[in-house]
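Use these hints to put chains Y and L onto chain P, whose structure you have.
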Amino acid sequence: MDKLKAIIEALVFVSDTPVTVAVLEGILEDVSKKEISSALDDLMREYEERGGGIFLKEVAGGYQFRTGETLTSWVLKLKGQKPMDLSPAAMETLAVIAYRQPVMKSEIERVRGVDVSGIMRGLLEKNLVRIMGRKNVPGRPIIYGTTRKFLETFGLKALSDLPTLREFKELEG
Amino acid sequence: MDKLKAIIEALVFVSDTPVTVAVLEGILEDVSKKEISSALDDLMREYEERGGGIFLKEVAGGYQFRTGETLTSWVLKLKGQKPMDLSPAAMETLAVIAYRQPVMKSEIERVRGVDVSGIMRGLLEKNLVRIMGRKNVPGRPIIYGTTRKFLETFGLKALSDLPTLREFKELEG
Amino acid sequence: MTDRAYEIKLDIFEGPLDLLLYLIRKNEVDIYDIPIALITKQYMEYINVMKALNLDLAGEYLVLAATLTHIKSRMLLPPTEDEEEEEEADPREELVRQLLEYKTFKEAALGLDRMDILGRDVFSRDHTFEEIEGNGQPLREIGIFELVEAFRRVSFQTGQHDIMEIDVEKISLSDRINDIVDELEKRGELTFTDLLGETDSRRRLIYTFLAILELMKLRIIKAYQAVPYGAIRIRLAGE
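Protein chains in written order, with the numbering used here: chain P, 1 to 173; chain Y, 174 to 346; chain L, 347 to 585.
The shape of chain P in the complex, shown without the other chains (with noise of 0.2 Å):
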């Protein structure tokens, strides 16, 4: 394997958090951006065309080693641990922020029809969620939206990787 790709795949694979494009234009000075994004390409081809137990992922504007999604099981089995857990509500939640941020929490339970405090707090601890300031109108109400650790909980690259919100016909007239 050359060199640089040899470089990235190391980088890559030391960083707990997704490694984007520009720290490793920082880290290896004189190649381009070019460059290291043809080199994440073709390892990212190499890893899905073994099919081996891990796959390079490209996730929240950076990239990332994952394991292959068929293992979960057994991943769990050596954890030990329960898997990561959303509730029905809490993913409820996160949905309408996910898609309507910067949204307000009087129009989280406007949607959902219920108080959404409980949740909100656990998703703001959980890092999903984050205060994105004040909206502009009298009362100046707190404004929320998604976090990058979203992106990387979800396995997205950016927020319009999201699928289209599937809206349901209005009534007429």
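Just so you know, the hints here were simulated from the structure itself, not pulled from any lab data.
What follows is a list of derived Cβ distance ranges for each label pair: (1) L:ALA412 to Y:ASN300: 51 to 57 Å; (2) P:LEU159 to L:ASN394: 41 to 47 Å; (3) L:ILE377 to Y:MET217: 57 to 63 Å; (4) L:ILE358 to P:SER37: 43 to 49 Å; (5) L:LYS516 to Y:LYS252: 36 to 42 Å; (6) Y:MET217 to L:ARG460: 33 to 39 Å; (7) L:ILE358 to P:MET84: 17 to 23 Å; (8) P:PRO102 to Y:PRO256: 23 to 29 Å.
To give an idea of the interface, some chain P residues facing chain L are shown, with a C-beta separation under 7 Å as derived from the structure: (9) GLN64; (10) ALA89; (11) ARG112; (12) GLU167.
Below, in silico cross-link-like pairs of lysine to aspartate or glutamate (EDC-like), each with a Cα-Cα straight-line distance of 16 Å or less: (13) L:LYS372 to L:GLU391; (14) P:LYS149 to L:GLU492; (15) L:LYS568 to L:GLU535; (16) P:LYS79 to Y:GLU198; (17) P:LYS77 to L:ASP472; (18) Y:LYS250 to P:GLU29; (19) P:LYS105 to Y:GLU343; (20) P:LYS77 to Y:GLU198; (21) L:LYS418 to L:GLU440; (22) Y:LYS255 to L:GLU487; (23) Y:LYS342 to L:ASP513; (24) Y:LYS330 to L:ASP528; (25) P:LYS5 to P:GLU25; (26) P:LYS126 to L:GLU495; (27) P:LYS149 to P:ASP161; (28) Y:LYS308 to L:GLU560; (29) Y:LYS278 to Y:ASP288; (30) L:LYS568 to L:GLU531; (31) Y:LYS342 to P:ASP115; (32) P:LYS79 to Y:ASP189; (33) P:LYS5 to P:ASP42; (34) Y:LYS342 to P:GLU125; (35) Y:LYS299 to L:GLU487; (36) P:LYS3 to P:ASP30; (37) P:LYS105 to P:ASP115; (38) L:LYS449 to L:ASP376; (39) Y:LYS176 to Y:ASP215; (40) L:LYS449 to P:GLU167.
C-beta atoms are modelled at their ideal positions from N, C-alpha and C, and glycine is treated no differently.
This is chains Y and L only, laid out in the frame that chain P set:
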């Protein structure tokens, strides 16, 4: 790649300590020790022949992925760029300054109940906190406030984007 | 808090809208033409069972019960003349809109749930925590939530709940104070009019004035005036 090898690769990958054959045997119930060892040997040889950035190595009685020996300097360069965390004590001090500014050190210490000299120095060096001036009372105590870098670090446009504690308490439902 | 009784019992429904969607699906009726009497009856039955089981029913379930009853009674009433003239509005309209919106996000949530979630379906390497010290390193992006949590922790530890009382006004004042000090550090000297002149909002004007007073009181800035009624100049007090 055959399934057994893929599973073993994933298991070795996710573990932060070397994985022993005995552990793998416990997880892969119907697979013999011999098959496991031979799969590990195959994987080691494949990574060796490939000559990439990571290698499967036998260490401390188990197996572990390691970055190539010749790539150490690159890895250290990445580690050196790893974003820093603030300790809980630094975070608490920063929180008091953010909410109580402009504030004297003695005031912060009264609130936190401990000496904060070392932590204050750290926050000043990190440019999260600045000296705003000296109060014209005996001893001319220094008055502290937060910086623009502080706002950037927390993704705030202005201090008034900080939630008040009343708003924050509402999250507890 | 997640340990409220109704949440334990009602965890099959994520709220009143979810219960309503369930009833619509169960009865195989058209969401755009809900048979309101039937659905209201069944909804009330569910509510009554929950009450009979002595469950602490979330207020939202009762609010929707009231809404349903209201819609039902409006549909029984003959339309008033006004309504007949300007094409009578369907009393169910608002509820249907709400249900459709909720349904959209409920499905979006299922979509999220089907993704390969890190820590549930796929895994990255476990990293033992390494603390590297040094000031050349960039700081991690931190959420405001962590900062507020830290502030709350402080007040719990010391039992000084008075420090919790911080309002928007106080923080806005700090903002203005910071802006003024920033400006002075950059430009060395400012006049009163420099600071007040650009201000068009009354709110901002008041905060600017209060900030100047506070800074003068703390002797962080000094004000000079060459001649009576002349321009007031402001500088950082310095050492």
